Amino acid sequence: MNQSTNIMIVGVGGQGTLLASRILGNVAINSGYDVKVSEVHGMSQRGGSVVTYVKYGKEVFSPVISEGEADIILAFEQLEAYRYFKFLKNNGVMLVNIQKIDPMPVITGAARYPDEIINKLKNTGADITEVDALQAANKAGNAKTANVVLIGLLASKTNIPKGVWENAIQQTVPQNFLDVNKKAFEIGYNGGVE
Amino acid sequence: MKKLMLGNAAVARGAYEAGVSVVSSYPGTPSTEITQEIAKFDEIDSEWAPNEKVALEVAIGASFAGARAMSCMKHVGLNVAADPLFTVSYTGVSGGLVICVADDQGIHSSQNEQDSRLMAIASKVPMLEPADSAECKHYVKTAFELSEKYDTPILIRLSTRVSHSQSLVQLSERQDISLREYAKDTAKRVMMPAMAISRHKYVERRLDDMRDFAEQCEFNTIEKKSKKIGVITAGIAYQYAKEAFPEASFLKLGLINPLPEKLIKDFASQVEQLYVIEELEPVIENHCKAIGLNIHGKDILPRTGEYNSGMIRKAVFGEQIETHNIEEDIPGRPPVMCVGCPHRGVFYLLKKLRFIVSGDIGCYTLGALAPLNSMDLCVCMGASIGMAHGIEKARGDSFRKKTVAVIGDSTFIHSGITGLIDIVYNKGNSTVIILDNSITAMTGHQDNPATGYTIKSEPTKSLDLVGLCKAIGVNRVTIADPFDLSGFEKILKEETQADEPSVIIARRPCALLKGVRYPGALRINENCVTCKSCLGLGCPAISVKDSKVTIDATQCVGCGLCLKVCKFNAIGGIKDESIN
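Sequences listed follow chains A and B, in order.
Each step along the first sequence adds one to the number in the numbering used here, with nothing skipped, and position 151 is 151.
One rule links them: number in the numbering used here = place in the second sequence (from 1) + 1000.
Hints are not guaranteed to be accurate.
Computed list of lysine-lysine pairs in DSS-like fashion (alpha-carbon distance at most 30 Å, straight line) [stated by the list, open to error]:
hint : chain 1 : residue 1 : chain 2 : residue 2
1    : B       : Lys1456   : A       : Lys144
2    : B       : Lys1314   : B       : Lys1201
3    : B       : Lys1402   : B       : Lys1548
4    : A       : Lys58     : B       : Lys1003
5    : B       : Lys1224   : A       : Lys139
6    : B       : Lys1461   : B       : Lys1402
7    : A       : Lys100    : B       : Lys1548
8    : B       : Lys1548   : A       : Lys58
9    : B       : Lys1201   : B       : Lys1352
10   : B       : Lys1227   : A       : Lys144
11   : A       : Lys100    : B       : Lys1003
12   : A       : Lys100    : B       : Lys1470
13   : B       : Lys1548   : A       : Lys120
14   : B       : Lys1470   : B       : Lys1493
15   : B       : Lys1003   : A       : Lys157
16   : B       : Lys1490   : A       : Lys58
Calculated from the structure, these hints are not laboratory results.
A quick note: this is a predicted structure, and the numbers were derived from the prediction, not measured.
Next up, chain B with everything else stripped away, as it sits in the complex (with noise of 0.2 Å):
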């Protein structure tokens, strides 16, 4: 049976059918579902870790133990896991290791647009990129026993057009994929000088293997058509150049750490005009320059971005498609904070006060734009309080008393604590507020540490944020509820002056998430005088309409916030007493 499936539904049909046993990922857009989707099979071991290392890190040691096992994070997120990626490439493996990476050409919901391949090149370790969910699945299936073949953790590279998109599988029945043995190897695992300088000469060896094994591999396939134009490719790349030459040859990589040689020059002789199209970086294009092949690539396509069809013809053929013109500017749509969102409370008074804001990776990063536009800095997950720190350090004490690090509840479990360790040893100040809104939100409702229920939704011990930060010296750790504006203006006033570091836990739940209710729609009363002080809050639901202040009906939950702003009594709909 063919099945419609997401990219990275494939990816966990692909691990469940080669018999995968362990799974541990941090979620992070666009490769969340697949480890969602893993959750759903009760035969694997399936877990959120708090971040990609630890997760990469629970891989390995089931690899070690004899499990097939994956690991899956964002392009990002490899970065995090970095560590142990290079040197689980010394150490090979024991049960198949794969490990997703995936990008996000286009930057739809990251911080940045880096290109895995490099992190592949540079770790030495294999890398597979398929181009629709049929070879999803098929590829992670094979990277196992790859895996194991060669003794080395294999990575897939996906995208965010290839992790989220619909195409058809067909589904096969789970392999029975018994542990291997245990068995102690000091040499191979315990990656010390001595042992180290020997692994680095057997990871050359088994990369001049995969070299090999490129050339003649199934996922590298010449599809031969006019000798005109010939085009290199691989991944998510492949489709879009499929319809810009529908009459070219192809040679479509589907390894692509290492790459081949003989057979790209063996492509490349049979084809007048060559043309390597990849998305991001030039890493196919430098390759086939440095085996002396003359080919055009980045001289004519962007290094950012996502590519299409239409702009891969405008740039070969130069062909303009005809389309509707529109002449009139249209205002931009920028995502914003949802209808009842806690962290709505947590700026609207960053702004107020003035705040300078060390901000961090989440839905909370949406403050930084109008009309609350109170995030001074936003660069990676945890980063919020070592920029703070350093703020600190910079520029003195008076400086710091204007400055906070704001960070989510999921994001300071990921790599804020360690900040937050490195103030109080270094006798910093800081003030850090924790926006602990029950939930992983942004990437769509994943549990974490904190929220006391496991990938399973399984009841487990939740950590206390409070006790946490006592144990690493913060005598100054106070709960507050975002919605209750003049007490967290207070408590935000107080802690900001004191002389030692503090925390805030900002604890109301995300509002989207079930059981949280408000009491429904509130409206504009004939109170109203048109002061707009509620549209500083940046609701969705309030805008302005011939003149008047409305709130839009089907939009507004009743949250209560814009009545605590409005200074004229001019918002109802609701009893008060029913809003806390």
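The shape of chain A in the complex, shown without the other chains (with noise of 0.2 Å):
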């Protein structure tokens, strides 16, 4: 019915996780696709949980992804993940990244964190792959490079080839932050080892 392709990026406002979607946005163009991309702006930036959708395909008509509809979810964090994992397809594919950040109801003390949730995760049957993206990112040389670490892996998972990422990455990043974000994007593909 659906014939795109949907990503899901996810995680806590401020992370970068647009950066990764406006890359995801030019992989997706540069390999002759209609795209996508829904974004978050205003108040949930601050600090709050944010969703990017991409969608890519023939043609794209929804920008937003429903429940049990994304191929891949990317998860900038591992609450978020747990949050949005009901948007995943049954056969669908989850990146996480093991970086914890307490909401403020956690600091509050009004809730607690969730423990094992990347155990409770893969026991449910799932594709989940988890990566340190923040200690990538400082092999990297710089720890808001995450993100392109974050983008580095899921490149791996998919079957774009590895140079239309590295051109959308220099399309994307600025100028002078390029060397650092190739080498996190390297790490990425890697599984987050150099």
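Once you've looked at the hints, go ahead and assemble the two chains, each given alone in its own frame, into the complex.
What follows is the structure, encoded as structure tokens:
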């Protein structure tokens, strides 16, 4: 029914999910697809839960993805992975950065951060890959490139040639940060190791 | 060349290609980026106005003067601009006049979820609704032609998912549009009773003409497929419906005010079962019912929130997609004030002193959430001040001394000034705190009359808030640093007890502004007794890990507010004198 490839990028406002979605959008156009990228602006960017939808294919209609429709979910944070897991197709792939960021209800003690999220996700039988993107980004030379590490990991899970991803990164990131981002992409592409 | 563009950027591109020469707007999510993109074009004179009413009036003046002009705002902004909107409908235009209004279905970043189509109907202004970025560009461009042809302003209705989605757009060159000649026309442009009576008749004739146009215009299209199901839809709802009904026939409406009658009836006669798919109000549905059609719409789909293809399939076909199920309660992640946010100090004190806080619209509305919990009211832009005055009128002086109004710098300029005039004029004694963070922050850092820069970052006169408040007649105007907790607390107590109106300007720039530098991450030392008083600040960098208070070094900027709350000297990592 739905012919497009559906990718969600989820995380916490300020983690760089917007840049990641823009790289992905450029990858899809450069591959000759119709593309839609739906972003979040305004209030939820202030440290709230953020989700970006990227859809590509022959013809894309809705810019958003409904529950159970995502082929890939790229999660920048464990709790956000958990929150959006119901959007994953039964045969979908989820890539999770192991970083944990306490939301305010946990900080104030009104709620508890769930334990063992990654194990619980894996126990459902879903295809889950975890990565320490922050550590990998530090290896690349800048903690802020964790988003590009995750893009690297995502690239390794698709059949779009690596060069297309590298070009999209070149198109999207500021030139003076290109080298560190290329390195971050490479580490991500290798599953988080140099 | 095709380019991946935000809907808002495509609107800007359409206006550029249509030869627009004046754009005046006020920022508001999800409309803000239109005017930011416009500002990048040297050929267009663009500006941030103090509010949407002024913005639209500037565009009206430019249109009367013969230029193509545009004004952009969010749905609630159109309420502010409703006064000029309803009467420019009567006057019509000279140069094409386009008003973009972005609705926020799902309330991602607004105070309500109103449907702007009802404003188009009420003001009798034709409205177009694009469904993706390519249509944004095309519709806006055509809207300028329609505006001049039918002598009417044209509304463009956007929504969060159109404004903030990127899709492919084909770019063209800018048209060379020259100014129309200026000619005085009192009967058409001076709206007093005698003239307005005849202009109202004109407006009704124009609507009839537009109805004829709606029957055959290029924006209202039929896609013939199965005869079993026909879907009538418009805008973003079209995209959801196309995924939900891949086999159905479609009548996609691009001109949504006025709506066609014959076209809809013809379409209806070709299908067995008819659905109207539209978010929020049943505008198309009511029209269909009024012309005698039997349709499904709000009987199966909600009037609130956003739609998606999955929920439409569920409502229509009872289809439930299997999803991974998680039993556990997942804690929410509401937005929070950023690390280093200057508002945090003010709300910490308002909570400590248990003030009743009449609040307003901006980042600081987040002061209503835990753990700060220190906002009692928030209704619309500028309302904090009038509401504080109303509280005093209702409950008297002792209650007034426990109440403050809190409003941002841009919001105060937008529509708080008149509230303050009311307090002074009508012998109120309220205290107003203006949170002056040197920028319009929530919408993504736009300049405003107090920042000293224009939308194009050119230096300009900067509004003197102290001088303004004094000119209004407020004798007690104090500037205070919200990070100087003890000093600010003293001022708060004094000003609220005074028997005359007072203004406290809490001045410290937004932590996200370029040039705002704090010394870097703090850390908790061995003096910590886990009293958790620092957690009361609601700083996202401070949390409890393994029963110990910790500061997340990847988040903390070292603003130092927590140092001032800590009684045990348990926070270190930087030299104290570097914090001020």
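Structure-based check of each hint:
no. : hint                  : result
1   : Lys1456/B - Lys144/A  : holds (29 Å)
2   : Lys1314/B - Lys1201/B : violated (46 Å)
3   : Lys1402/B - Lys1548/B : violated (36 Å)
4   : Lys58/A - Lys1003/B   : holds (16 Å)
5   : Lys1224/B - Lys139/A  : violated (56 Å)
6   : Lys1461/B - Lys1402/B : violated (36 Å)
7   : Lys100/A - Lys1548/B  : holds (16 Å)
8   : Lys1548/B - Lys58/A   : violated (53 Å)
9   : Lys1201/B - Lys1352/B : violated (60 Å)
10  : Lys1227/B - Lys144/A  : violated (54 Å)
11  : Lys100/A - Lys1003/B  : violated (36 Å)
12  : Lys100/A - Lys1470/B  : violated (49 Å)
13  : Lys1548/B - Lys120/A  : holds (26 Å)
14  : Lys1470/B - Lys1493/B : holds (20 Å)
15  : Lys1003/B - Lys157/A  : holds (26 Å)
16  : Lys1490/B - Lys58/A   : violated (65 Å)
Figure legend: structure checked against the earlier numbered hints; hints not met, in rising order: 2, 3, 5, 6, 8, 9, 10, 11, 12 and 16.
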